[in-house]
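Engineer: Each chain, letter by letter, is given below.
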Amino acid sequence: MLNRKVKERLYKFTTYGAAFFSLGVLLMIIGFVFINGFKLLNIDLITHNYTAVTYISDLNDGFVLNEYQSNIEIDENTYYSQKWGVALTDDTDLQGKNVIVVTYVHEDSPLNTLNNKGVGSLTLSLRKDYEIIRIAFDGAASALSSRGAQNMINLLDAQDNIRELEFQTTGGGIRGSIITTIYLIGLTLIFALPIGVGAAIYLNEYAKNNRFNNMLRTFIETLTGVPSIIYGLMGLAIFVPITIKLTSATGGNLISGSMTLAVILLPIIIRTTEESLKVVPDDYRYASLALGASKTQTVFKVILPSAFSGILTATLLAIGRIIGESAALVFAIGTSIKDDIYLTDKSASLAVHIWSMMTDEPANIELSSTIAIIILFMVLVLNISVKLISKRFMRKYGVTQ
Amino acid sequence: MKKIKGLSLVIILALGFMLTACQSDETFNTDSNITVYTRDTTSGTRAGFMGGIGFAEAESSDDVLVEGFVIKDNTGIMTSMSTDEYGIGYVSLASLTDDIKGLSYEGIEPTVDNVINNTYGLKRPFNWMVRQAGDYPSQDVEDLVEAFVAFLTTTDAADIINNAGAVALPATQTWDDIKADYPITNQDNSTVTLRFGGSDSIQKVAEALTQAFVAKAGNFVADHDHTGSGDAYKRVVGSQKDESVGKDVGFASRPFKETELEVDGTALDMDQYGQLAWDAIVAIVHVNNPLNNVSAEDLKKIYDGTYLLWSDLISE
Chain A
1 MLNRKVKERL YKFTTYGAAF FSLGVLLMII GFVFINGFKL LNIDLITHNY
51 TAVTYISDLN DGFVLNEYQS NIEIDENTYY SQKWGVALTD DTDLQGKNVI
101 VVTYVHEDSP LNTLNNKGVG SLTLSLRKDY EIIRIAFDGA ASALSSRGAQ
151 NMINLLDAQD NIRELEFQTT GGGIRGSIIT TIYLIGLTLI FALPIGVGAA
201 IYLNEYAKNN RFNNMLRTFI ETLTGVPSII YGLMGLAIFV PITIKLTSAT
251 GGNLISGSMT LAVILLPIII RTTEESLKVV PDDYRYASLA LGASKTQTVF
301 KVILPSAFSG ILTATLLAIG RIIGESAALV FAIGTSIKDD IYLTDKSASL
351 AVHIWSMMTD EPANIELSST IAIIILFMVL VLNISVKLIS KRFMRKYGVT
401 Q
Chain B
402 MKKIKGLSLV IILALGFMLT ACQSDETFNT DSNITVYTRD TTSGTRAGFM
452 GGIGFAEAES SDDVLVEGFV IKDNTGIMTS MSTDEYGIGY VSLASLTDDI
502 KGLSYEGIEP TVDNVINNTY GLKRPFNWMV RQAGDYPSQD VEDLVEAFVA
552 FLTTTDAADI INNAGAVALP ATQTWDDIKA DYPITNQDNS TVTLRFGGSD
602 SIQKVAEALT QAFVAKAGNF VADHDHTGSG DAYKRVVGSQ KDESVGKDVG
652 FASRPFKETE LEVDGTALDM DQYGQLAWDA IVAIVHVNNP LNNVSAEDLK
702 KIYDGTYLLW SDLISE
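Residue numbers (the numbering used here), protein chains in the order written: chain A, 1 to 401; chain B, 402 to 717.
Keep in mind that the hints were calculated from the coordinates and are not lab data.
Please read all numbers here as calculations on a predicted model, not as lab measurements.
All residues carry an ideal CB built from backbone N, CA and C; glycine is no exception.
Treat the hints with caution; some may be incorrect.
Have a look at the derived ranges for each label pair, beta carbon to beta carbon [stated by the list, open to error]:
| no. | chain 1 | residue 1 | chain 2 | residue 2 | range |
| --- | --- | --- | --- | --- | --- |
| 1 | B | E644 | A | I72 | 27 to 37 Å |
| 2 | B | D582 | A | R127 | 28 to 38 Å |
| 3 | B | K658 | A | D157 | 43 to 53 Å |
| 4 | B | T573 | A | I72 | 32 to 42 Å |
| 5 | B | Q574 | A | I74 | 37 to 47 Å |
In silico EDC-like pairs for lysine to aspartate or glutamate, Cα to Cα no more than 20 Å straight-line [stated by the list, open to error]:
| no. | chain 1 | residue 1 | chain 2 | residue 2 |
| --- | --- | --- | --- | --- |
| 6 | A | K338 | B | D500 |
| 7 | B | K580 | A | D138 |
| 8 | A | K117 | B | D589 |
| 9 | A | K97 | B | D499 |
| 10 | A | K117 | B | D578 |
| 11 | A | K97 | B | D500 |
| 12 | A | K39 | B | D500 |
| 13 | B | K580 | A | D58 |
| 14 | B | K605 | A | D360 |
Please construct the entire structure, taking both the sequences and the accompanying hints into account.
Structural biologist: Written out as structure tokens, the structure is:
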């Protein structure tokens, strides 16, 4: 027999162990995400479009090659062509791929006034921060971005004319996916909150304790355990055709996606709201009824405000679930990453954006981790703000739980 | 004070836990079993690899492979090879990174230059397929697809393909030479959407190609949805062509099967499909593995189970 002290110490140590294990796992996840994703994290990623705009151009007739002197600082990754008056740098784009970026164009350089070979405005000019994809020459091998800036400058210096210059704006940003996520949160809550809160009020305030209502409650609880991919299938089979019929949509779209998410969220919202309605003391109900208020007045004017913080918690949990859900959305909206977001068009949320980066060949773990950091940050901000709001609200109504 | 002590103990233990989870051993034991990784039978990479090493039976059947092989997708093989010291797998050259070791094949290093000068032997074709004439959503789409297919044979497209890590077929004419034949490319096409799909190994190349061609052809919208070589036929001319997943251009990272060159017994037009590039496949191992070079015969013996231990292959 162990003596009591040793036994107690053993129990105590087990709790310490459990705590450090959970903390360790959490730190490992956050550490992994930060180590991998931190170097791609910058404001450009959040503000830029995903699709880059490509331009093709050639030189204006009567261009002049010259000795373009410049006084710019040249670091070790930058190469300058005096002949063409342009400086190029080896860099990585927002997705971590190697690209050649224009860092300087001399004001008299022939590259400042280019003919547009595509459709649109007639003239183009090469400016700072554009990425050069390739430069093609007459009767010589083309300069490609995959061979690096030094190679491109050397080839450029050896030529006196350019047949075609292909360059693009910076792409790979996640602006569209962030907007999609915000749309999804708003729309889903519009669908899910009234139904969820209403169902919770019915179950807790109006429903009699009979077999039908007990069954209803059990069914709702069972819904929590259904894997989200099955909801996704249901969204594809039911909500997508409905929205195609009612709106101008042609396939999966944001509305069908938020309807699917709303169904996923219902059990969470009902459960959490019901729990918070349960803890409202019965004294409130009796007092309200005794003052002459009707049952409906009691529920909506007295009980509901007291349960506000519980509903807020339900909303927070719901938003967390919306931000994190990907499996259902892959079916119900689709996976194409878009920059212009329409409610009746397909689009990708941040979580689906990660999914899509990871199914690329090769998988882009760095960018996925960066998006994960952004998601973690969003959830943290939500968490804190909901806590602050509910604290203020509770003080205002004098409700404490 | 007691609180701080408890908290710091928890943090120290947590850090220790993280450190032990990250540690790895540095020595390579050649007496270990070889863990064989492979793609599944629908993969174009697998067809190219097995065909390339002279083990064609394994292209579409798992039964002939060594016992205990592991099936993973492309990313799965890459991550396994950075953790499993005794594994061997294969990926497309464009996927190769510094975290894993790409083996030379028959003494030739797997580099883009060696594929371009045609000395590296383990490669597979990248193919395209388009819809039947008259079977497009609109005339504009049909004309643009026709122009895109013509673009694939130009030096401009060859540059883009090489730039994206694949190896282009030889080309002589430029887009400037032939663009007068495709007047559709001179108008504003920003309301026209072309749907591209098929092999996900070709996705990077296909996206680079459409990005370049969009600028040349009136800024049409290129919608990419790549799901695997098998879907190239299915969604362009096969059973799913009229569903919402239907595509206008499909890509396959392997030769088309004979059943994929006909619809209901009628052969496809010769100009409905073709090759756009070559891609090299590289056998990969963990960075600690002393092996540097491998022959087709070695690989076949590993995959059919003749070689079970690394010492069968590494003599020292």
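Engineer: A separate judgement is required for each hint: does it hold in the structure or not?
Structural biologist: A quick look at each hint next to the structure:
Against the hinted window of 27 to 37 Å, the Cβ-Cβ separation of E644 (chain B) and I72 (chain A) comes to about 55 Å, which falls outside the hint. Range check, D582 (chain B) to R127 (chain A): Cβ separation about 33 Å, and the 28 to 38 Å hint holds. The supplied range of 43 to 53 Å is met by K658 (chain B) and D157 (chain A), whose beta-carbon atoms lie about 49 Å from each other. The hinted window of 32 to 42 Å between T573 (chain B) and I72 (chain A) holds, with their beta carbons roughly 40 Å apart.
Between Q574 (chain B) and I74 (chain A), the C-beta spacing of about 38 Å keeps the proposed range 37 to 47 Å intact. About 32 Å separates the Cα atoms of K338 (chain A) and D500 (chain B), which puts this hinted pair outside 20 Å; it is violated. Between K580 (chain B) and D138 (chain A), the direct Cα distance comes to roughly 17 Å. Compliance with the 20 Å bound is thereby established for this hinted pair. For the hint pairing K117 (chain A) with D589 (chain B), the CA-to-CA distance comes to about 13 Å; that is within 20 Å, so the pair holds.
Annotation: proposed proximity of K97 (chain A) to D499 (chain B) holds, straight-line Cα distance about 14 Å (limit 20 Å). Annotation: proposed proximity of K117 (chain A) to D578 (chain B) holds, straight-line Cα distance about 13 Å (limit 20 Å). For the hint pairing K97 (chain A) with D500 (chain B), the CA-to-CA distance comes to about 16 Å; that is within 20 Å, so the pair holds. The straight-line distance between the Cα atoms of K39 (chain A) and D500 (chain B) is roughly 18 Å, inside the 20 Å bound, and the hint therefore holds.
Between K580 (chain B) and D58 (chain A), the direct Cα distance comes to roughly 15 Å. Compliance with the 20 Å bound is thereby established for this hinted pair. Straight-line distance between C-alpha atoms of K605 (chain B) and D360 (chain A) comes to about 8 Å, which keeps the hinted pair within the 20 Å bound.
When each numbered hint is compared with the structure, violations occur for hints 1, 6.
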